[in-house]
Every structure is written in C-alpha cells, then in structure tokens.
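Colleague: Take these sequences, add in the hints, and give me the full structure.
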Amino acid sequence: MADAVRAYCLLAWTWTRALAQYPASLTMLTVSQLVVTGIDAIVILFIFEHTPTYAGFSLPEVMFLYGTSGVSFAIADATIGSVERLGRHIRAGTFDVILLRPASALVQVAADQFSPRRLGKLVQAAVVLGVALATMDVDWTVGRIAIVPVMILSGTFIFGALWVLGATYQFLAGEAAEVMNAATYGGNFVTQYPLNILGRDAIRALTWVIPLAFVNWLPALYILDQPDPLDLPAPVRFAAPLVALLLCVIAALVWRTGVRHYRSTGS
Amino acid sequence: MDTVIELTDVAKTFTRRRRQSRSLLRTRTTVHAVNGLSFTVGAGEVVGYLGPNGAGKSTTVKMLTGILVPSSGRIRVAGLEPIRQRTRLARQVGVVFGQRTTLWWDLPLRDSFQLIRHLYRIEPARYARNLDHMVDLLELGSLLDVPVRQLSLGQRMRGDLAAALLHDPAILYLDEPTIGLDVVSKAAIRQFLQDRNRDQGTTILLTTHDLGDVERLCDRVMVIDHGRLAFDGSLSELRALVPVPRVLVVDLAAAAPPMAGVQVVRVDGPRQWVEIPAGSSAAALTARLMAAYDVRDLSVEEPSIEDVVHRLYAGPPGRPDPADRATTPRTSGSAVPAR
Amino acid sequence: MRLYLTVLRSSVRRHATYRAASLAGAFTNTVFGFMRAYVLIALWQTKPVIGGYDLTAAITFCFLTQGLIGPIAVFQGGLPEMAERIRTGDIALDLYRPADFQGWLLATDLGRAVPDFWYRSLPPMLAGALVFDLRLPDSPEVWLAVPVAITLAIVVSFSIRYLVMLAATLLFDERGVSSVAVVLALFFSGILLPLPLFPGWLGTLAQLLPWAATLQVPADVFLGQYQGLELLGAIGGQVAWAVVLLGIGRHVTTRVRHRVEVQGG
Numbered sequence: 001m002a003d004a005v006r007a008y009c010l011l012a013w014t015w016t017r018a019l020a021q022y023p024a025s026l027t028m029l030t031v032s033q034l035v036v037t038g039i040d041a042i043v044i045l046f047i048f049e050h051t052p053t054y055a056g057f058s059l060p061e062v063m064f065l066y067g068t069s070g071v072s073f074a075i076a077d078a079t080i081g082s083v084e085r086l087g088r089h090i091r092a093g094t095f096d097v098i099l100l101r102p103a104s105a106l107v108q109v110a111a112d113q114f115s116p117r118r119l120g121k122l123v124q125a126a127v128v129l130g131v132a133l134a135t136m137d138v139d140w141t142v143g144r145i146a147i148v149p150v151m152i153l154s155g156t157f158i159f160g161a162l163w164v165l166g167a168t169y170q171f172l173a174g175e176a177a178e179v180m181n182a183a184t185y186g187g188n189f190v191t192q193y194p195l196n197i198l199g200r201d202a203i204r205a206l207t208w209v210i211p212l213a214f215v216n217w218l219p220a221l222y223i224l225d226q227p228d229p230l231d232l233p234a235p236v237r238f239a240a241p242l243v244a245l246l247l248c249v250i251a252a253l254v255w256r257t258g259v260r261h262y263r264s265t266g267s
Numbered sequence: 001m002d003t004v005i006e007l008t009d010v011a012k013t014f015t016r017r018r019r020q021s022r023s024l025l026r027t028r029t030t031v032h033a034v035n036g037l038s039f040t041v042g043a044g045e046v047v048g049y050l051g052p053n054g055a056g057k058s059t060t061v062k063m064l065t066g067i068l069v070p071s072s073g074r075i076r077v078a079g080l081e082p083i084r085q086r087t088r089l090a091r092q093v094g095v096v097f098g099q100r101t102t103l104w105w106d107l108p109l110r111d112s113f114q115l116i117r118h119l120y121r122i123e124p125a126r127y128a129r130n131l132d133h134m135v136d137l138l139e140l141g142s143l144l145d146v147p148v149r150q151l152s153l154g155q156r157m158r159g160d161l162a163a164a165l166l167h168d169p170a171i172l173y174l175d176e177p178t179i180g181l182d183v184v185s186k187a188a189i190r191q192f193l194q195d196r197n198r199d200q201g202t203t204i205l206l207t208t209h210d211l212g213d214v215e216r217l218c219d220r221v222m223v224i225d226h227g228r229l230a231f232d233g234s235l236s237e238l239r240a241l242v243p244v245p246r247v248l249v250v251d252l253a254a255a256a257p258p259m260a261g262v263q264v265v266r267v268d269g270p271r272q273w274v275e276i277p278a279g280s281s282a283a284a285l286t287a288r289l290m291a292a293y294d295v296r297d298l299s300v301e302e303p304s305i306e307d308v309v310h311r312l313y314a315g316p317p318g319r320p321d322p323a324d325r326a327t328t329p330r331t332s333g334s335a336v337p338a339r
Numbered sequence: 001m002r003l004y005l006t007v008l009r010s011s012v013r014r015h016a017t018y019r020a021a022s023l024a025g026a027f028t029n030t031v032f033g034f035m036r037a038y039v040l041i042a043l044w045q046t047k048p049v050i051g052g053y054d055l056t057a058a059i060t061f062c063f064l065t066q067g068l069i070g071p072i073a074v075f076q077g078g079l080p081e082m083a084e085r086i087r088t089g090d091i092a093l094d095l096y097r098p099a100d101f102q103g104w105l106l107a108t109d110l111g112r113a114v115p116d117f118w119y120r121s122l123p124p125m126l127a128g129a130l131v132f133d134l135r136l137p138d139s140p141e142v143w144l145a146v147p148v149a150i151t152l153a154i155v156v157s158f159s160i161r162y163l164v165m166l167a168a169t170l171l172f173d174e175r176g177v178s179s180v181a182v183v184l185a186l187f188f189s190g191i192l193l194p195l196p197l198f199p200g201w202l203g204t205l206a207q208l209l210p211w212a213a214t215l216q217v218p219a220d221v222f223l224g225q226y227q228g229l230e231l232l233g234a235i236g237g238q239v240a241w242a243v244v245l246l247g248i249g250r251h252v253t254t255r256v257r258h259r260v261e262v263q264g265g
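Chains as they are written, first to last, in our numbering: chain A, 1 to 267; chain B, 1 to 339; chain C, 1 to 265.
Keep in mind the hints are simulated off the structure, nothing from the lab.
For glycine and all other residues, C-beta sits at the position ideal for the given N, C-alpha and C.
There may be inaccurate statements among the hints.
Unchecked claim - One side of the interface only, derived from the structure: several residues of chain A facing chain C at Cβ under 10 Å:
| id | residue |
| --- | --- |
| 1 | Val-36 |
| 2 | Phe-46 |
| 3 | His-50 |
| 4 | Asn-181 |
| 5 | Ala-183 |
| 6 | Val-190 |
| 7 | Gly-199 |
| 8 | Tyr-222 |
| 9 | Leu-224 |
Modeller: This is the structure in structure tokens:
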C-alpha cells in the first residue's frame, strides 16, 4: 500500500513538473477549467432568477449541494480520474508497458497525465461551498459541522470508486465504455441539485444501485433538516463513509478481476 | 551455468470472436499461439529467438514478463513465477519493444529516466553512473530534454535501450531492437549489447528477423514456428541442417535466355537469378559467368531467416521433420487446427 | 463540385464505422437529457410558462438539444481532426493544397454529421418520447423548416469551429484557444438552459450571438416557437451568420496562408 502511494506521488510530481515548463498554457487551461465547471453554478443562479425556492430548497442550500458534490468530484477527478483513459492505453498497447513495470497498474493509470489543471474545478466548487456555508440558514450543531468534511471525503471516495468501476468496464467494452461517463460526470451533474426533483424510483436507484445519493444528498437532509422523500430510517443519512468504503472494496476487487481478464486474453 | 529461464510445456490459446462483415453471427476461432513450448536459458547466454510472423515469439516474451498468463504449462524466470510475482520479477528484467516505446510518450527523456530510477529504486550513485555510461555510449546527451514523441525512430530505440538497462537487469528481452535503423546505428547497438553481455553477464533473449543481429550476437538460436520449437542449437548447426543456397543476381547487357551450365531460378528482362550450389564459391561462379557472358553488374543474395525457417519446417525430402509429427507445408502465420 | 461530394461521401462512410462509440455517446447524452428534464420540471412547478415555454416544450427542448449535440458538434471547440496537425505544424501543408481548404473541411464536417444524426440524435428523442409527452412539429411549414434549420446550424457551427482552428494556427496554441471556444459555446448555445431564461441583458445578448443559431434556433424551430414571418426571420438569421462567418473564414485563410510558419520538427 505504501509502495502504491509512493509510486503515485512520484508519477504525479513528474507530470506536474513537466507541465510547469509551460506555465502560460497551464494557467490558461486551469482558468478555462474553472470557468467551464463554473457554468453549472451560473445556471443555478439563473434558475433562481425565476423562483425564490427550488424543489423546496433555497439558493444557498442548492449551492451547498453544488459545492459539496463539486469538491468531492474535483478531488476524485484530479487524483484518480485518469483511470477513464484505460481504453486508450489498451488500444495503444501502453497497458502492456504498464504491466512491465514494478508498480501497481492502477496507480500508473491513475497518475498518468496528472494535471493540476483539474484543481480549477476544485477551487471554483470550494468558493461556491464557502459562500453557501456562510449564507445558509442552518442551526449549526457540533454534529452538523462535523458531518460536512466527512461527507466531502466520503463523496470523494464514492466518485473515485465509480471511476475505477467504469474504467474496468473498458477491459471488456472498448470504445463503447463511454457509457460510464453517465455515472461519473452524470453523477456529479445530478448531485448538484436536490435529488427530490427525480421520481422516487430514480432516487431509490441512486441510493441502492449506484449510491450517488450518499455523496451529498442524504447527509444534507440531516444538515438542512429537510424531509426524506423515501422516508428511509434516520441512520441511513450517516452511512456515507460505510458506503464509500464498501464501494471502494468492490471497485478494487472488480479492477483486479479486470486485470486478470486482460492478462488471460491479451486485450 | 545456472538456469535463468525455464519453460515447461507452455501453451497459450486465444479465442478470437470475429464478426464477419454483413453477418450478425460471430464466428469463434481458436488460435494456438504457443503449443507445448519447452526450453531453458542459462545465465549469460545470448539467444536468438527466430520465427516467421505469427509464430508465437511476442506471445512467448509476454508470458515471460507476466503480461500474459499461459493457458497451461510452467514458467520460471530467475526462480520467480511471472504470473504471481510480476512486480518482483520486473525489477530484474529489462525489455525493449521495437514497435512500441517503453518510455513515457509526452515526457522528456530525462523525466522518463528519473521515473524509472524511482520506480525501480535504483540507488543514486548507481543511477548516476549508469545514466552517464548510457548517455555516453548511446549518444543521448543532446536528446535528454526532448519529449519522446519528438524523437526519431533510431533515437527512441537508443532511449528505450538505456531505459531498459538503467536498473542493471539480469535478463534482457529485445523484440526487434534494430528494426528500421540504419546500418551504423545497428552496428553500434549490436556492439553495445555484446559488451554488456560480456562485462555484466546479462542474459539476452533477442527476437528478430534480422540475420545480421543473430550472426553478430547469438551463440544459440531457437526457431519457433506455429507455437512449437522447431530448432534449438547454434547458427552454424542451423545452416548445416538446412542448407539454403545463396543466390547470385546477374544483370546482363540485354535480356537473354537463361544462361547455360548454371541453375537459373528466375529471369526478369536482363536480370537473372542464379543459385550458388552449396559449398561452391561465389567468386568462382562469377568468374565463369563473366567469361562467358556480357555481365554488367551482379550481387549476392543471402538467404533470409524466412527462407531458412521455411526450409527447416517443410524439410527437404527424406530428412526427418524437426517437429515431432508430420505437418502440411507451412502457410505463413495461420492458425494451427486444434489438436 | 463533384470533388466535395466525394469528400462528403467518404466522410460519411468513415464516421459511420464509429457505431459503438457513437451509441455509447448517445446513451450518455440520453441520461443527461433525463437529468436536465427533471431539473427543468422542478422549475416549472413554480410557474406554468417561463421564457415563453410551457413544460412540454421545456422537456422536449432538453432531449432535442441533447440529441443535436452530436451532429452540430459546436462543443468540440475547434476541428479535432485538425488539432494534431496544428500542433505539429503540418497544417501549413494543408493550406497549400489545390482544393478549397474551407470547402473541403465543410464537406468533411457535413459528412461527419450525417451518421451522427442517426446514432446520436434519434436515441435521446426516442427515449424521451417513451417516458414523456414531447412536443412534435404540427404544421407542414415547421416540418420543412426543421431540416433546413438543422443543416444551417451545422454550417454555422462549422464556420465558428473553422475560425477557432485558424486562431489556434495563428497563435500556435490549439488547446488554449479550443478551451475558450468550448466555454463560449457551452454558455451561449442554449445547451444548459434555454436562452430566453437568461436574465435581462444577458438573455438579449445571447440571442444575438452566432452560437444561438447553432442550437437554440433549430430547437425553437422544432418546437414551433416561431410564428409565420418570425420563422423566416430565424432561418434568415442563420443564413446571415453562416455567410458572414464563412466569409470571414475565407478572408483569414488567405492571410494565414501568407503568414504561417511551420512549427515543430
């Protein structure tokens, strides 16, 4: 495990240093990343031009959902998002080269093309989150305050695990694996909004099948003291860390199976 | 001599599902890339691994490095099992793929070397010494800050070679290392490898189509065809076993009927291909022809590995077939029907 | 002319082979279509008509625009097939070919759009129609105007991307220029939110910019948002943008041809 972390940091640092050779380009890419991802927040602002509350939530509350989802997503994207390029490695034959080296294949793929540019999204989401926290009308108890970082961390691991699961699918599916974007990028998009805009079946699916509801929605119901459209028992709202852990274990096992499949069939 | 590489009855079968165009059905073909392969390589040997395309050479190397898992059989490299101990084994192995680089495509060469240093945990002193040595021998000084994708083929191959040897591996796999290189670069790389083997005792398995590589470097030659070992011995033994005549290519002043008294195998306008009988001297034949005909130009064609292997596998009539059972004449690169 | 038809046809054939990838993309677009629809449904709970759209129109807008992303391709920034050639400087060679550079690329792009229409536009619409009531065109003028508007949208989108590609060539920076173009396209095309929902002066501005002609206009034509002469006006606006932007493109191409240096090895 320590080996893996070490290898990751090493690769990430080398990429960062290489990119730092072109500071202008890097800045422009980071800024444009910031702006592109910030557009979603602007859309929410526009929506609130037409109505004072949205699905029963105020603007700061929706911004809170947006911010927490965004921060979790951005950290996961920056650290492990490169995994989605696995298909490219397989087609180019570079996955074989990865298997030649004395380091974990997952770490190598995840650290590939590590770019600080992805932190553009993180900055933007963090700013929005900060503003939301400052303007939200919440009865802040110790419990509620503590839940916020736990929520963000769990969310990060949930997105990370979804990324790895989606990437593993590329061992089988080749180019068609783009469908997994629906879970990662789509997951980020939908959790920016209160999930009660979806039908109950959809919310159930996002709770028990693809557990995106645990990224920010369920913990947020506790913080914002909002009713649960599914009427789940209260402890579920605190289950995010457990769900994240479980999902990571599943993702790790599935990944291992994927690599084993690749090594048996050659591609 | 210690055994460093050991394959026992190794087989690798691929199931390919191909969809024929305009059909909704997928036909399954079973490809036996490697079929009952067994050999051992001792420490410090330089072995040429030859065979036609599709014979199973790349598959063998991939199994030796742990990239591919064999369908059956046993592999031991440096006492380790490539499947289960992939990362441990990787520290002792260096690989150069001719067709594809092992370096990081978008990074400068220097960064690739740095990454290798850290991934393979090379001590700073040894790294510095090896790097300087490689940069010197392979003339990489001016290329260190160039991104790998901007290097020419020859430069990239030299970079790959340096990368493969920075960690002083005991075993080196070279897959077509001189392909596409000019004569000077080929000679330099061959010399480099020879020195390496002599000074450090590095075991080298060299996959190649280039007879020059084999002649220069390999004490021992293995020929693989249709996934089986068709020959294992020295190059001179191979040549003796399968005498393939050299050919004298004669350009006459004008088109003419085949010359008399010699074995003409092909005529194309003023050019004629003449077989040089085994044991005969090309010089003697040349003198004879020049005396009798108006010869404008000539050259000698060496038999290619393909010719040798082809003859080897098809076998001249009356000789025992090197493979252990009768086969139909070789068709290049096709799948063997399942046993 | 025959040359461009050949280019178009071969482009169609080439892009038709990316079936698996296109369908995968269509799946993702469909999922996003549903999500955006639910976002707007929640908004429309507060008022029956917003920005001139009722709920059915708004939902249809989501699936329609998600479907049009593929053929209209305005979010690609520049022309991806040219991106590598700009980076290496090979684009200098293309500029000196005897055929009309812009025409050639336009024919290729139109060819790309044809299979994209089948693989990427129909699935979201079909999926949306299965779950929701969608608003379909109900008059002959509208049915006729839709393909015209979509084709013009592709041309306008091409002309924008063509200019982006030229800018990237002149500035030696494909990624930077492209990313700016993507941001502008995302914001002003209407993909995120129908442009009439943009507040105040921003909304007015957005509808005057060329990006509106790439997505918002064909969507509004489909939804029957234009009555009578307004329809002609909308199509006319697309034509005007196409002519102007293609014209600027041709002019700049000539200048670039004179000035371009070969970058890289």
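Colleague: A separate judgement is required for each hint: does it hold in the structure or not?
Modeller: Checked hints:
no., hint, verdict
1, Val-36, "5 Å, holds"
2, Phe-46, "6 Å, holds"
3, His-50, "6 Å, holds"
4, Asn-181, "5 Å, holds"
5, Ala-183, "9 Å, holds"
6, Val-190, "5 Å, holds"
7, Gly-199, "8 Å, holds"
8, Tyr-222, "21 Å, violated"
9, Leu-224, "16 Å, violated"
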